[in-house]
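Chemist: Sequence:
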Amino acid sequence: MSNIGALSQAVRKGLGGVVLLGGVAPNTFAQQITKLVERSGDHVAPLIASDEEGGAVQRLADVIYPLQSAETMGTWSESEVTRTAAKYGKAMKELGVDMALSPVADLNSPGHFIGSQSRAFSSTPSGAARSAIAWATGLESVGVAPVIKHWPGHGRATDTHYSPGIIPAYDQLQKSDLVPFDRAIAAGFTAVMVGHLESKGLTERGVPASRSPKALAILRDHIGPDGLIITDSLSMNAALVGVNHRPGEAVLASLDAGVDVALICSGPSDIVERVVTRISPDGLTRDDLIDKVKRILAWKKRFGVIE
Numbered sequence: 001m002s003n004i005g006a007l008s009q010a011v012r013k014g015l016g017g018v019v020l021l022g023g024v025a026p027n028t029f030a031q032q033i034t035k036l037v038e039r040s041g042d043h044v045a046p047l048i049a050s051d052e053e054g055g056a057v058q059r060l061a062d063v064i065y066p067l068q069s070a071e072t073m074g075t076w077s078e079s080e081v082t083r084t085a086a087k088y089g090k091a092m093k094e095l096g097v098d099m100a101l102s103p104v105a106d107l108n109s110p111g112h113f114i115g116s117q118s119r120a121f122s123s124t125p126s127g128a129a130r131s132a133i134a135w136a137t138g139l140e141s142v143g144v145a146p147v148i149k150h151w152p153g154h155g156r157a158t159d160t161h162y163s164p165g166i167i168p169a170y171d172q173l174q175k176s177d178l179v180p181f182d183r184a185i186a187a188g189f190t191a192v193m194v195g196h197l198e199s200k201g202l203t204e205r206g207v208p209a210s211r212s213p214k215a216l217a218i219l220r221d222h223i224g225p226d227g228l229i230i231t232d233s234l235s236m237n238a239a240l241v242g243v244n245h246r247p248g249e250a251v252l253a254s255l256d257a258g259v260d261v262a263l264i265c266s267g268p269s270d271i272v273e274r275v276v277t278r279i280s281p282d283g284l285t286r287d288d289l290i291d292k293v294k295r296i297l298a299w300k301k302r303f304g305v306i307e
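Residue numbers (UniProt numbering): 1 to 307.
It is possible that some hints are incorrect.
To be verified - Listed below are the simulated BS3-like cross-link pairs for lysine-lysine, each with C-alpha atoms no more than 25 Å apart in a straight line:
1) Lys35 / Lys301
2) Lys13 / Lys35
3) Lys13 / Lys214
4) Lys35 / Lys90
5) Lys175 / Lys214
6) Lys13 / Lys292
7) Lys214 / Lys294
8) Lys214 / Lys200
Since the hints were derived computationally from the structure, they do not count as laboratory data.
In this text the structure is predicted, and so the values were computed from the model without any measurement.
Using the sequences and the accompanying hints, generate a full structural model.
Modeler: Here is the structure:
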């Protein structure tokens, strides 16, 4: 958000949205959002998203107010979690933020990264599912799109900012880590963030779920043709293994594998151009991209970004 001109130019070239990563002064935040949308001109307005889990991961804490951690909220009643999300989501929407990259549906596993950051609601699948659904319900009730993350379950992985996330085999995940995601999807929450996680039987060897055709096909089957598949940040080391540590290659591989929205942290205009030039009958096709764009436009319309 520090360079509105560059972001606006990227939107005009085809960038579909902006993710907030902090660093915005509270007294200028709303004006910067407005300016970004206005400078997009006649192009489709960008979707504005933000990491708003509560606790350690809350980009708008200084702009709105701090939230308790997911671990703390996991001890609350479902109705209290829903009320908290609705109140906070209303403030987000008033600022022009359309999507929250939350709730976390991962399990709280002692000794692992997500749990050490108090980012998970519960150590049990049923507890994580209840709180995640309650949080998503509150956000959606005030017009903010919730995103369930980090499929297929980051609870037992290392920190993927620094190394590949190896998690249990798929048959084990189906009995535990995947349960909260399955229940949230069954409840109608079909925007899902995919982690850079490897699981035997789910992903191809050495390929994270975020660019695994096999894993993404399974997820697509669960969320249906209108669901939205979003990557975790493609600047993380775990996302760059196998693509020569080039974010642009990670974006292309993820889109080709079945992702709809690729999260990037730098060089958006260059990457947009690379996506366009990569279109071919043997790889990422024009029809593939049109299907992705249709899904994104439908979500933008559903949550009031466009008419």
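Chemist: Compare the structure with each hint and give your call.
Modeler: Hints, one by one, checked against the model:
1. Lys35 / Lys301: Since the Cα atoms of lysine 35 and lysine 301 sit roughly 20 Å apart, the hinted pair holds (cutoff 25 Å).
2. Lys13 / Lys35: Holds - the C-alpha atoms of lysine 35 and lysine 13 are around 17 Å apart, at most 25 Å.
3. Lys13 / Lys214: Roughly 31 Å between the alpha carbons, so the hint for lysine 13 and lysine 214 is violated.
4. Lys35 / Lys90: Measuring from Cα to Cα gives roughly 21 Å; hence the hint holds.
5. Lys175 / Lys214: 19 Å, holds
6. Lys13 / Lys292: 16 Å, holds
7. Lys214 / Lys294: 23 Å, holds
8. Lys214 / Lys200: With a Cα-Cα distance of about 11 Å, the restraint between lysine 214 and lysine 200 holds, given a limit of 25 Å.
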